[in-house]
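K.L.:
Heads up: the sequence lines are chains B and C, in that order. Position one of the first sequence corresponds to residue 58 (our numbering), numbered consecutively onward. Position one of the second sequence corresponds to residue 1286 (our numbering), numbered consecutively onward.
Derived from the structure by calculation, the hints contain no laboratory data. Note that the structure is a prediction, hence the values are computed from the model and not measured. Careful, some of the hints might be misleading.
[As the list claims (entries may be wrong)] Calculated pairs, DMTMM-like style, for lysine to aspartate or glutamate (alpha carbon to alpha carbon, straight line, at most 20 Å):
id : chain 1 : residue 1 : chain 2 : residue 2
1  : C       : Lys1299   : C       : Glu1364
2  : B       : Lys83     : C       : Glu1344
3  : C       : Lys1294   : B       : Glu97
4  : B       : Lys94     : C       : Asp1323
5  : C       : Lys1356   : C       : Glu1337
[Claimed, not checked] Rough simulated footprint, nothing fancy, chain B against chain C, three-plus residues with beta-carbon under 8 Å:
id : segment
6  : 1323 to 1335
7  : 1387 to 1396
[Claimed, not checked] Restraint-style ranges between C-beta atoms, simulated for each label pair:
id : chain 1 : residue 1 : chain 2 : residue 2 : range
8  : C       : Gly1336   : B       : Leu168    : 45 to 51 Å
9  : B       : Ser138    : C       : Asp1311   : 23 to 29 Å
10 : B       : Ser151    : C       : Gln1302   : 38 to 44 Å
11 : C       : Gln1357   : B       : Ser118    : 49 to 55 Å
A virtual CB, placed ideally from N, CA and C, is assigned to each residue, including glycine.
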Amino acid sequence: QQPVQSPQAVILREGEDAVINCSSSKALYSVHWYRQKHGEAPVFLMILLKGGEQKGHDKISASFNEKKQQSSLYLTASQLSYSGTYFCGTVLISGSARQLTFGSGTQLTVLP
Amino acid sequence: NAGVTQTPKFRVLKTGQSMTLLCAQDMNHEYMYWYRQDPGMGLRLIHYSVGEGTTAKGEVPDGYNVSRLKKQNFLLGLESAAPSQTSVYFCASSYRAGGPGETQYFGPGTRLLVL
């Protein structure tokens, strides 16, 4: 069951904030966030585990609302280096082997 | 420490030809995965392995076979390539499933074009 990401694309100016959402129709064990730059491999950003935690990494943070089966990625004071496609990956509680299912991605473009 | 490496980086095949993609990791990870990435589709799991000698089907396994004879290697085979298998293939590995160990480390990808 592929998670749904929104928006599909966002364009912002350097220094602006952005929020990327990821939602699932099934109960989640964990949510993973990855960033992929054009022509490169996805790079891990953070994991959020069941328990409704919130994490941060520099000016990128995320939350996980397990009751709503939703996660949001917050990018504050965006930098040019934040440009890329952001993927959320979800692991279902009912999953047999902790398979990660990725959303279709959100393309983020930061302009100077 | 090379992490996850993939061979080859790029390949062109004719319909019906076969080939094997090689993935190697030097992090002593138990779990390994093969994904394909198509425009607008995100990453889709083809096959995965939870340890040496084991393999399992993912979301889109048809037309592919895999083998994990050694812990550090995970091979993806295409027996009879089709144009629909034109894609970018990523291999990934993780220490284990569950908890922080779930972090997946990706290889640089293999671009495959089937004519």
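K.L.:
Taking 23 to 29 Å as the hint, is the beta-carbon distance of B:Ser138 and C:Asp1311 inside that range?
P.N.:
28 Å, holds
K.L.:
With 49 to 55 Å as the target window, see if C:Gln1357 and B:Ser118 comply at their CB atoms.
P.N.:
Violated - the Cβ-Cβ distance for C:Gln1357 and B:Ser118, about 35 Å, lies outside 49 to 55 Å.
K.L.:
Sort out whether C:Glu1344 lies within 20 Å of B:Lys83, counting only the CA atoms.
P.N.:
Holds. B:Lys83 to C:Glu1344 sits at ~17 Å (cutoff 20 Å).
K.L.:
Is the hinted range of 45 to 51 Å satisfied by the C-beta distance from C:Gly1336 to B:Leu168?
P.N.:
Since the Cβ atoms of C:Gly1336 and B:Leu168 sit about 46 Å apart, the hinted range of 45 to 51 Å holds.
K.L.:
Is the hinted pair C:Lys1356 and C:Glu1337 satisfied, with a Cα-Cα distance of at most 20 Å?
P.N.:
5 Å, holds
K.L.:
Verify the CB-CB distance for B:Ser151 and C:Gln1302 against the hinted window 38 to 44 Å.
P.N.:
Since the Cβ atoms of B:Ser151 and C:Gln1302 sit about 39 Å apart, the hinted range of 38 to 44 Å holds.
K.L.:
Do the alpha carbons of C:Lys1299 and C:Glu1364 lie within 20 Å of each other, as the hint requires?
P.N.:
OK: C:Lys1299 and C:Glu1364 at ~12 Å, within 20 Å.
K.L.:
Between B:Lys94 and C:Asp1323, does the CA-CA distance stay at or below 20 Å?
P.N.:
15 Å, holds
K.L.:
Okay, the segment 1387 to 1396 of chain C and chain B, do three or more residues pass the C-beta test at under 8 Å?
P.N.:
n = 8 at 8 Å, threshold three: holds.
K.L.:
Please check whether the segment 1323 to 1335 of chain C has three or more residues whose CB lies within less than 8 Å of a CB on chain B.
P.N.:
Per the Cβ count (8), the hint holds.
K.L.:
Are the Cα positions of C:Lys1294 and B:Glu97 separated by 20 Å at most?
P.N.:
12 Å, holds
Comparing the model with each earlier hint shows a violation of hint 11 alone; every other hint is respected.
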